[in-house]
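Chemist: Sequence:
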Amino acid sequence: MGAAAAGMTATSPDLLEVPAPGRVLGRPVLRSEDRALLTGAVRYLDDVECEGALHGVFVRSPMAHALVRSVDADEARAMPGVVGVFAAGDLGGLRMPPVEDSPEVFARPLLAIDRVRFVGEPVAVVVAQTRAQAMDAADAVAVDYEPLAPVIDPEKALEPDAPILFPAHGSNLAIRVDDVAVDQDALKGAETIVRARFINQRVAPVPMEPNGALAIAGADPSQPSVTLWASVQAPHDTRSVVAQVLGLDSAQVRVRTAAVGGGFGGKIPTYPEHVVIAWLARHMGSAVRWSETRNENMIAMTHGRGQVQHVELGATRDGRMLGLRVFVIQDIGAYASEAATLPPLTGLMASGPYRIPRIDFSAVSVVTSTTPVGAYRGAGRPEATWLLERALDMLAAELGIDPAEIRRRNFIPPEAFPYRTPTGANYDSGDPDRALDIALRAAGYAELRQEQAARIGRAETWQLGIGICSYVEVTGWGSEFASVDADDQGTFTVLTGTSPQGQGHETAWAQIVADTLGVSFDAVTVRHSDTLLVPRGEGTMGSRSLQVGGSAVLRASVALLDKARRLAAHLLETSESDIRRLDGRIGVGGAPELSLSWGELAAAAADPSSLPPGMETGLRAQNDFEMEDSTYPFGAHIAVVEVDTETGKVKLIRHVAVDDCGRRINPMLVDGQIHGGIAQGAAQALFESFVYDEVGNPLTSSLATYAMPSAAELPSFVTVPLVTPTARNPLGAKGVGEGGTIGAGPAVQNAVIDALSHLGIRHIDMPMSPDRVWQAIRDALRGVPGDSEEGDAHGAAGPEWFDRGNRHAHAERRVDRQGVAPKIR
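Letter by letter, the sequence shown follows residues 0 to 824 in numbering that gives the first Met the number 0.
It should be emphasised that the hints constitute simulated quantities derived from the structure, not laboratory data.
Just so you know, not all the hints are guaranteed correct.
What the hints assert, rightly or not - Here are the computed lysine to any residue pairs in the SDA-like style, where the Cα-Cα straight-line distance is at most 25 Å:
#, residue 1, residue 2
1, K650, R777
2, K155, P343
3, K648, P343
4, K155, G169
5, K648, Q449
6, K650, R440
7, K648, E615
8, K648, E446
9, K562, E615
Construct the complete structure from the given sequences, taking the supplied hints into account.
Modeler: What follows is the structure, given as structure tokens:
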């Protein structure tokens, strides 16, 4: 999205706070990955050469919901260069594994079986000698569809007369979430209650590199049955899924990535297309490759967000929050996917950085005849921050309290950490009040408020808005593998289970190794994203890589140093307690002549006769680091906008970000992540939305219709570091890959509404495009309620069948995970 180009880091000396750097750890080392990127030497998936590979092109449904009566491929098979055309029956009706906690009926077929459920669902695949031939033949495949009524709106999907996407299930309600936080008295004693309905709109990930795959069948039994090159975020997970669907042992499948041109969550899943391409390679005994067009990517890659949020926030008259009730309707698209994890994460983080004594959270996930929804930068956590920060601003407006002050009155104080929220989140460390104070000072908050008042007084066309977002998020989970190997040339090879898409792992992991071993940064090579080379790994997502993968690298490095010290003591015939890490050598402290280079130690380690008793050959160590509990980064963002009250145009003119992600291994990499996150958060607030018409046709399926900002639409970013280490991993680090998005989006939305609050406007749903903002202004001037429906302090929240006062009394709307049909009233 050009985020790095748009942003710049500016810090004030009195606000700067960074950890004491080591030799290279903690320093802004230039990325080792960048030279190849800038010179064009990097190889992406389409650059992987494979002579004689066939090309696959998918025939996709043009209809949102229809029965598939027949697939006629006779004409296509007769076209030049066509090797084969395959439909679901040819693949034996294979399906993807069902998503955890979802009924098995929602398991997605590799190719549509009898019914299509969204525009873009693959129905058949054509294989030809060239891509152009395959595309021409795909156009010649005749599919007989019997149209069915689609269901696009997730709220309407729950109505009794809604079209049903899965008749065997009997309902469009796929999964319910009612075990995050239950409190029937959540609003008891509240003197003021604000109620609202918020839309957190559907967006597309739009990575620069679309999806694709290259599958190569094994030539002999000594090789994997199939090698799959794919642009994915979790190669080992892709290996497991492909093996499971094709009935193979995991060892028979090798998954590799070339450079991955962006992911943002959209490349976490293994797609049916990946498996189909692997199946084709094995079936045809030939390499087969496939690359999405941009239009295909927009309608076939999972979308993000897609929540309707019904929110009630209760407080005292002096602005102390007493309780929060939230009901979320999650649109998961046509099939259950990673979206099943989004509402639980939204619920987990519903308390934000505030002391909210009581929370009542429930959610339902609903299928619609649209592209499946999955993880997108933040994955459930931005949605939580959005709903809370919007409701808090509405509360502040209702009570006449400054937005900054109402937050201060409700923050969790630093002495209360570790802190467990009513939703079960176990916050490790933090000081949200300090983060906000730093952000307000860096933004010049008092002066901004004075300027805002002056513009209102002069009735200027361009009004000023200041938006605040204080957030906390959850990062780090699971385990990760790493190994560090020294060779006789004095160089080091790191294997890691993380799988980057531009985050800078090769740089940061090399910094950790170089600092721990006392060697040159340039002597370290990092290898990843090959399941044959790296035995296991959980991939890169969820802001987990440094604290899990980096900690594994650190511990493997420490273990390697211990082994080297023991070997050096044996070879130098001295006590291990005398051995020190010297400058690129290991030897006796104070006696540099009694030392060995790493190359000499590696050569000796290869000779069993040179080893001390019990030591294995080779100078290598490995580690599997597992997180015992997650970490909780926090921060505060201030967005400043100008809004043209005559046209509705919004300009983001300043953005200040204070993001505390614990110890910073490389501050430059951290700033890069924050810049990109701010850009994506602001983009959702102001520009991005994936839209369907009433019959399920996508209206924003190209970059000509899907609005995305360039660097020209974004200001320079002011980022101020704040460091509160965590004790939950040896690096003291927390995640940062998604914090910028989580903080920026609500801040920008709040800023736009703040600019118009003097007109009585309390909410505008995203994206806040000029037409939507202009309409809100016109409605306010005419006294018409805004698009939050009754989203003010006295309005109703939720559809008529949602009982705000006692959700548990209405068991009719609760559907269990086994597929009991709902009776919505």
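Chemist: Next step is simple, just say for each hint if it's right about the structure.
Modeler: Quick rundown of the hints versus the structure:
1. K650 <-> R777: holds (19 Å)
2. K155 <-> P343: holds (22 Å)
3. K648 <-> P343: violated (35 Å)
4. K155 <-> G169: holds (15 Å)
5. K648 <-> Q449: OK: K648 and Q449 at ~22 Å, within 25 Å.
6. K650 <-> R440: Measuring from Cα to Cα gives roughly 22 Å; hence the hint holds.
7. K648 <-> E615: Answer violated: K648 to E615 is near 68 Å, above 25 Å.
8. K648 <-> E446: holds (23 Å)
9. K562 <-> E615: holds (10 Å)
Of the numbered hints given earlier, the model fails hints 3 and 7; all others are met.
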